[in-house]
Every structure is written in structure tokens, then in C-alpha cells.
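Asker: What follows is each chain in one-letter form.
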Amino acid sequence: MKQKLTFKKFYDEYGVLLILLVMVAIFSFATPTFLTGANIINISKQVAIMAILSVGMTLVLVSGGGGIELSMGSVISLVVVLISKFVTERGFSVAIALILAVLVATALGFIDGVIIAKIKVPPLIMTLGMQIFLYGFTYSICEGKPVYGIPASLTWIGQTYLFKVIPVSALLMVVIVILGQFFVSKMYIGRSLYAVGSNEETADLSGISSDKFRIMAYTMCGFLVGIAGIVMLGRIGSGQPSAGEGYEMDVLTGCVLGGVSLNGGKGSVIKAFCGILIIGVLSNGMSLLGFNPFMQKMIKGLVLILAVVIDSLQYIKLKKKVKVLN
Amino acid sequence: MADKKVVLSLRNISKQYPGVQALDNVSIDFMEGEVHCLVGENGAGKSTFIKMISGADQPDSGVISFEGKEYNAMTPKLSKDLGIEVVYQEFNLAEDLTVAENMYLGEQHADSKLFNLKKLKKRADEVFKKMNIEIDTGEIVKYLTVSYMQFVEIGKALAKDIKVLILDEPTAPLTEDEVDKLLDIVMKLKKKGYVIIYISHRLPELFKIGDRITVLRDGKLITTGPIEDFDTPKLIKAMVGRELSYEYPEKSGKVGDVIFEAKNIYSEKVQNISFKVRAGEILGIGGLVGAGRTELLRAIYGADLRYAGEIYLEGKKVKINRPEDAVKLGIGFVTEDRKRQGLLLDYSICYNTSLPILKRISNLGVINKIKERKIATKEWENLRIKAPSIDTKASTLSGGNQQKIVLAKWLAADCKVIFMDEPTRGVDVGAKQEIYKLLAELAEAGIAIVIVSSEMEELLGMSDRILILHEGVSAGEISKGEFSQEIVMQYSSGL
Chain A
1 MKQKLTFKKF YDEYGVLLIL LVMVAIFSFA TPTFLTGANI INISKQVAIM
51 AILSVGMTLV LVSGGGGIEL SMGSVISLVV VLISKFVTER GFSVAIALIL
101 AVLVATALGF IDGVIIAKIK VPPLIMTLGM QIFLYGFTYS ICEGKPVYGI
151 PASLTWIGQT YLFKVIPVSA LLMVVIVILG QFFVSKMYIG RSLYAVGSNE
201 ETADLSGISS DKFRIMAYTM CGFLVGIAGI VMLGRIGSGQ PSAGEGYEMD
251 VLTGCVLGGV SLNGGKGSVI KAFCGILIIG VLSNGMSLLG FNPFMQKMIK
301 GLVLILAVVI DSLQYIKLKK KVKVLN
Chain B
1 MADKKVVLSL RNISKQYPGV QALDNVSIDF MEGEVHCLVG ENGAGKSTFI
51 KMISGADQPD SGVISFEGKE YNAMTPKLSK DLGIEVVYQE FNLAEDLTVA
101 ENMYLGEQHA DSKLFNLKKL KKRADEVFKK MNIEIDTGEI VKYLTVSYMQ
151 FVEIGKALAK DIKVLILDEP TAPLTEDEVD KLLDIVMKLK KKGYVIIYIS
201 HRLPELFKIG DRITVLRDGK LITTGPIEDF DTPKLIKAMV GRELSYEYPE
251 KSGKVGDVIF EAKNIYSEKV QNISFKVRAG EILGIGGLVG AGRTELLRAI
301 YGADLRYAGE IYLEGKKVKI NRPEDAVKLG IGFVTEDRKR QGLLLDYSIC
351 YNTSLPILKR ISNLGVINKI KERKIATKEW ENLRIKAPSI DTKASTLSGG
401 NQQKIVLAKW LAADCKVIFM DEPTRGVDVG AKQEIYKLLA ELAEAGIAIV
451 IVSSEMEELL GMSDRILILH EGVSAGEISK GEFSQEIVMQ YSSGL
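Chains A and B are the protein sequences, given in the same order. Mapping of the first sequence onto our numbering: position 30 corresponds to residue 30, and the numbering continues sequentially without gaps. Mapping of the second sequence onto our numbering: position 474 corresponds to residue 474, and the numbering continues sequentially without gaps.
No wet-lab data here; the hints were simulated from the structure. Think of the CB as a built atom: it goes at the ideal place given N, C-alpha and C, for glycine as much as any other residue. Among these hints, one or two may not hold up.
[To be verified] Some chain B residues near chain A, calculated using beta-carbon distances under 8 Å: (1) Ile162; (2) Lys163; (3) Ser348.
[Unchecked claim] Pairs of lysine-lysine, BS3-like flavour, derived with a Cα cap of 27 Å: (4) A:Lys186 - B:Lys5; (5) A:Lys266 - B:Lys359; (6) A:Lys212 - B:Lys319; (7) A:Lys212 - B:Lys339; (8) A:Lys118 - A:Lys45; (9) B:Lys156 - B:Lys80; (10) B:Lys374 - B:Lys319; (11) B:Lys328 - A:Lys212; (12) A:Lys212 - B:Lys130; (13) B:Lys220 - A:Lys186; (14) B:Lys371 - A:Lys266; (15) B:Lys130 - B:Lys220; (16) B:Lys142 - A:Lys118; (17) B:Lys192 - B:Lys220; (18) B:Lys208 - B:Lys220; (19) A:Lys118 - B:Lys80; (20) B:Lys191 - A:Lys120; (21) B:Lys130 - B:Lys5; (22) A:Lys212 - B:Lys317; (23) A:Lys212 - B:Lys191; (24) B:Lys220 - B:Lys122; (25) B:Lys251 - B:Lys480; (26) B:Lys371 - A:Lys212; (27) A:Lys120 - B:Lys319; (28) A:Lys186 - B:Lys191; (29) B:Lys208 - A:Lys266; (30) A:Lys186 - B:Lys369; (31) A:Lys120 - B:Lys269; (32) B:Lys142 - A:Lys120; (33) B:Lys328 - A:Lys118; (34) B:Lys328 - A:Lys120; (35) B:Lys359 - A:Lys186; (36) A:Lys266 - B:Lys369; (37) B:Lys319 - A:Lys118.
[What the hints assert, rightly or not] Computed far set for chain A versus chain B, every beta-carbon distance over 10 Å: (38) Pro32; (39) Thr160; (40) Met249.
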């Protein structure tokens, strides 16, 4: 069988990696501080949270049906504030506080999933509504003020280094990405998610209930957002209600850049991770080069649109021409 | 006839779809002020013919001439510009808008930049007056009855300056009284000089309004002539008179116990249908398109809501609320539209085959890939799927091989009962034969098979028994000894 190497195919296979390498090369030439050990460790810390979130986002995007999760940032804020409150004001033990917070995040994902799958509320609206609600809720329980005074055992995960070089958060990220990739490619639930996202009707008629697996995707995503929230708290060291703001868009951009399709059924955790690295490198490089934050926002917005444009290009078709004979 | 002017004429139109010659050198003239009836069995080429005129699809060869001007093909826009309008079986109305707004949807209001409902209503009223229909054109469409929606569709067509009106099964959703009203309108339009192309499965009404009639079969024009030359038996004969061109595999005819039974199934589209299938038996379900054949299977399978009805598997009553339940019980469903409902096109033969058994072949949630490949390879060989390997993408294969993958899926799942909706649609002749052979083999192996088919020949050739549906109810069951094309057609038409 002849296989033509089209731009689309090439981009599908190696596009993300190529973009990543090109960007690394550009920034390395542009600024000497970019390709240093300290900066690489810095980037790995910066992308850890996004990468953990990207695993959850990938599950949701792959499950199709317009799947998207826009309440990630707000759930992180809630988790950060909840844990801080539990520990400093309620006197909960750290372990209990962490478990409770992750449970809350998981439950929120489950609620999203049920309403989206069973009642057919568009995921975009559902999770956007959830985001608005949760920011309101989070700010009201902490009265808009950060919660200080959390114990060192909570910051351990965000601020400690293994062998004095590898950040614990980066290690956790690597473990979750590898597990995530194993999950989507080797496990029954993962494969079923692709089936559902690729063709809901076929999946349903083959006994793979699209509703059930979509709910699972949102629930697992919620769980991962909870974990990301714990890492976030560890990094910033206080219960900031604004901690997660804007994260979902960066994560989404990274996933789509990595070839996870907004139309479902396509993408991998590893490639989404590469997409996240692109975002991480881009942010870091722009900061090093002294781009101001507004400029950075503009560029990130353009990158998101570009990624979606490439994703959408395959759906455009051409038509046959018609002419008058006489 | 000579005094009438030919408005629209199609010459030597041919159109091929993968695996089927949908139209084969068909030439028809349509004259001013005539009702031209187009009849034929399922798949005779009527819809394709309409598509050529409306521009929804383009012919491979042939010429379409309209008022003396010749075209190689139509486009939807060109067809509309020339004054050809099609009223389809499915309504195409903006249900939340008023009747008047629907009539002039998409039209530019040159006289005023503002939207003026009053003016629209006045124009719409005039159209309906001509049709002799009383209707409040300010009413929201979704509150109308089905028949009035149909009238609005026709009114919408007439509101434009048209010359040719195509009515595709216009009476299908109507009751007797409403049918008469519609026929009345058609007669009136005919007198006004419109060309009316009228497609209907309800033969009696053709004799009431038709001037000429054309019978299509297998994409070929069989006969065309004034309505006076036909009567019902003659028409049925022309429609079904196809030769049995295939060899159908011989079966030993040994059947076992009843494996599957559906009792008194009701859904939105079917009423009170019951049937039994024995091990090794092939039950055919016949009927015209829209008779509720697919819907019956879907309702049983749990894919559509079932209002009432009981299902028995090997004598035991079972609960099937969703397809998941059916799959667990060992019932497979090879759907009509394999691309949309049967396959994951972007995935390999292997992945598609293992779909219903993913859970079964997993340990602690991890798919046992060795087992998966073994099963997929077995079915790939078993069904003689022509592909380089089980890792070949489903989308790269031909229709027949794709259909085999869908079948492989259910064989991998060890199904005892397999539903097949149009098992050979869009499949070429060679692959067709092979699928027939496979089906016979499966039946011999003791699987109970239910086939829905629009191809009379296939239905008669493959089935041991045939259940025929007409407008959602059972029109009768015939056993092998009584099989004939005429009887099937007669039952299907509700005669």
C-alpha cells in the first residue's frame, strides 16, 4: 500500500517534537541562560502542574462529544484553599485534609460527567458554569483572603528536591504521565474512551456505553486535578484563592498542540505532554527574553488558535465543478 | 401528448456508487402540466434520480436539459435558480418560526431593510389561497399538525417562481382524509401547468392523480407510459420482475430449538410485533423503506426506547434496556450504516474486532494483547478478510471487507443471535456472494440470524422465513414454500 507523506501525517507523527526542538534551539541561541541546568529544573517545576492536568484533559478530550474541562483552575483554587483551611482552622491531620480535598475534586468531576453524559449539557457550558461557581464559592469561604500558616509537610511536595537536583513535583509529573500513557494505551477503560470518542454510536452498539465511559473520564480528570491542586499548594505555600486561575487554557493549548483532537478519539498522553512542554518552554523563554506579560498573553492566544486551526484543517473538503454544455 | 411542451429532460443518465450501478442509462422527459409518477422497489434508483435533478449529486454521464438548455450536471443552486423544488419526506422547516417566515426563509427583502411580518403574511396568504388551503400564516410551525407542515413545505416551494415540483413520498405521514386533500392540491397545481414528479409507495393514489408513470428497477428504466396502460398487478410485476442472478448457498435446512423470541414489541415506530428465530435459521424481515424494519431491531436491541414487549433468549426472559445488555447476552447487531454505526474507521481490524470483548480479555483492567491478537487473527482468517494484516486500518478496506470486520466483531464475541441490517449494502458483487456464503455457514453452525434487507432477491434467497412489515405493523409472515416476489411486494405495499 502506498503511503503518501502529507503535511497532515507528518504533523500528526512528529509535529510536536519538531516544534519543541525548534523552540528550544531558538531560545538557546537567543539567551544564554535558557539552556542551563538551573533553568531546565525551573521549567520542569513550572510545567509539573500543567502536565498532571494535561493527563486529565486528554482523557476528557479523547472521550469526545465536545469534551472539554474548563473548571480545572477553579478546582485547583478550591483544593488549595480547602486543604489550608482544613489544616489551619479545623485541625485536620495533613493526610485527612489531602484525602478529603482529592475526594472533593473527584466528586466535582463526577458531577460534571453525569450532567454532561446523562443530561447532554454541552461540556463547554457545564464546566464553564462550574468554573464560575467554584471561584465564587472558593472566594467566599476564604473571604477573598489567602490562608497562611500551613505546615512544612504540605510544601514538601512542591519545594523539595530529590538528590538535591530533581524536584519532587517533576518526578511526580513523570510518574503520572507514564501511568497515564499506560492507562490510555494498554487498559480496557482507556481503549474504550478512544472508541467512544471516535464513534459514539459504534461504541454504544458494541456494548461500550458512551455515557458510562464519559462519566469515568470526567471523574478521573477530577481526581488528577485534585492531585495537581496538592502540588500547587506545595509550590505556593499558602491557600491562595487565585492559585489556579487561567490554568485550563494553557493546558488545553498544550493538549491540542500535542495533537489531541477537540473532536475526540484521537491523541496520546505522551504527545499532550510534549505540547505542554512547548507551552512551558515558550513561557519560560519569553520571560527570559523580557517579553512583558501582555505580550506573552497575546502570543499564547495566537498559539491556541493556531493549534486548533491545524486540528480543524482535515475537515475541509472540495467540491466537483459543474458547467453549462451549450 | 404531442401538444405538451417538454420542460425537463434527462438523457442517458448513469451514476455509479461503490458496488452498485444506481442509475443505468436512464432517459425520461417531463412535460408541462403533467403528474409524472416514479415508482420502483427499494434501491431501484428513485432517490438517486431525484438527486440528479436537484443537484444533490452529479451523474457520471448523461445530459440534463431544462427548457432547451443543456447541462452536464446540476448543483443545488442551479437547480433552484431554474425553478426546481423538491419536497422531501423529512420536513425541512424552521419549527420555531411562523409559517410566513418559513415560506420566505433566505429571501432578500429588497423593498425594505427591515423585517416586515405583515407583508410576508400577506404574500404567504396569497400562495395558500391559490392552493385552496386555510391556514393562519402567523402560526408557529411546530404547533401545526403533520399534514399542515406538509402543506407548508409545498407552499414554500410554490412561493418561489418554480416550474418543476418534486414530491417524495408526500403522503407517507398523512392520514386518509389528509391524503385526499393533498391529492386535491396536486391536481390543482397540475392544471396550472407545473411539472409534478410524484414518488409514492402507495399505488392506489397514483391511479387517482397520475398522467404518466415510469417504473425503475436496479437503476434501469423498465417501462414508461400513460397511466391508462397500467393496473396494479401490472405495475407490481414491472417493479419486481427482476431475474434471480445470484446463486444462493445451499443450507441443510436443519434448524434447532427456538433461541430468540421477541413478543409484542412496541416503540415509536413499530406496533405489536412478535417473532421467533430458531438455531440455524435465517429470518428475513422485509418491507419498504420506512416500514420500521431497522427500528424494530433497534428497539429490541435497546438502542431505541422500547415502549413495551418481552424478549426471550433460549426460553428465558431477559432484560435488554441498552445495547450493553444485548452484547452481554450474546446478541450482535450488524448495522445498516457500517461507517457510522459499525466501525471505528480510524482503527485497525484488530481493535475493531475486540471491541465487544475488551472487558472479557482484560486482566485487572489491562488488555491482554496476545489474546486480543489471537482472536482477531482467527476471525480475520475465518472470514477471509482481504487485508495485509490485522493491523490494517478499517477505512482503507473495501465495503465488503469492512462488513466482514463488523461480522468478525460479533463472532469474536461468540454471539448466539446476530441481527443484520442490510448485510450487503454498498458491497460489490463478489463480496456479496462471499457474505452470503458466510451467513449460510454461520447458520449451519447454529447461530440464529435475523436479516433486514431491501433487496427482494437477497431476502428471498437467504431467508428460511420472511416477516413483512408495513407502516410499523406486521403485514404477514411467509415460509419458504410460499416465497414469491409478488407476495412480498403485495404485503409490503399493504395490499
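Asker: Is B:Lys371 close enough to A:Lys212, meaning Cα to Cα at most 27 Å?
Answerer: holds (25 Å)
Asker: Can B:Ile162 be said to touch chain A, with a Cβ gap under 8 Å?
Answerer: violated (20 Å)
Asker: Hey, B:Lys319 versus A:Lys118, does the alpha-carbon distance stay inside 27 Å?
Answerer: holds (21 Å)
Asker: Measure nothing beyond the straight line between the CA atoms of B:Lys130 and B:Lys5; if it is 27 Å or shorter, mark the hint as holding.
Answerer: Roughly 23 Å separates the two Cα atoms, so the pair holds.
Asker: Tell me if the straight-line CA distance from B:Lys142 to A:Lys118 falls inside 27 Å.
Answerer: holds (26 Å)
Asker: Under the criterion that the straight-line Cα-Cα distance not exceed 27 Å, is the pair B:Lys220, B:Lys122 satisfied?
Answerer: Cα-Cα ~45 Å, so violated.
Asker: Is B:Lys130 close enough to B:Lys220, meaning Cα to Cα at most 27 Å?
Answerer: violated (37 Å)
Asker: Starting from A:Lys120, check that the Cα of B:Lys319 is at most 27 Å away, please.
Answerer: holds (25 Å)
Asker: Straight-line Cα separation of A:Lys212 and B:Lys191 no greater than 27 Å?
Answerer: violated (59 Å)
Asker: Given the hinted pair B:Lys220 and A:Lys186, is their alpha-carbon gap at most 27 Å?
Answerer: violated (52 Å)
Asker: Assess, step by step, whether the Cα of B:Lys192 is no farther than 27 Å from the Cα of B:Lys220, and give holds or violated.
Answerer: Violated: B:Lys192 and B:Lys220 sit about 31 Å apart, past 27 Å.
Asker: Would you check the hint for B:Lys374 and B:Lys319, treating anything up to 27 Å between C-alpha atoms as holding?
Answerer: violated (32 Å)
Consistency with the previously given hints fails for numbers 1, 2, 3, 4, 8, 10, 12, 13, 15, 17, 19, 20, 23, 24, 28, 29, ordered from lowest to highest.
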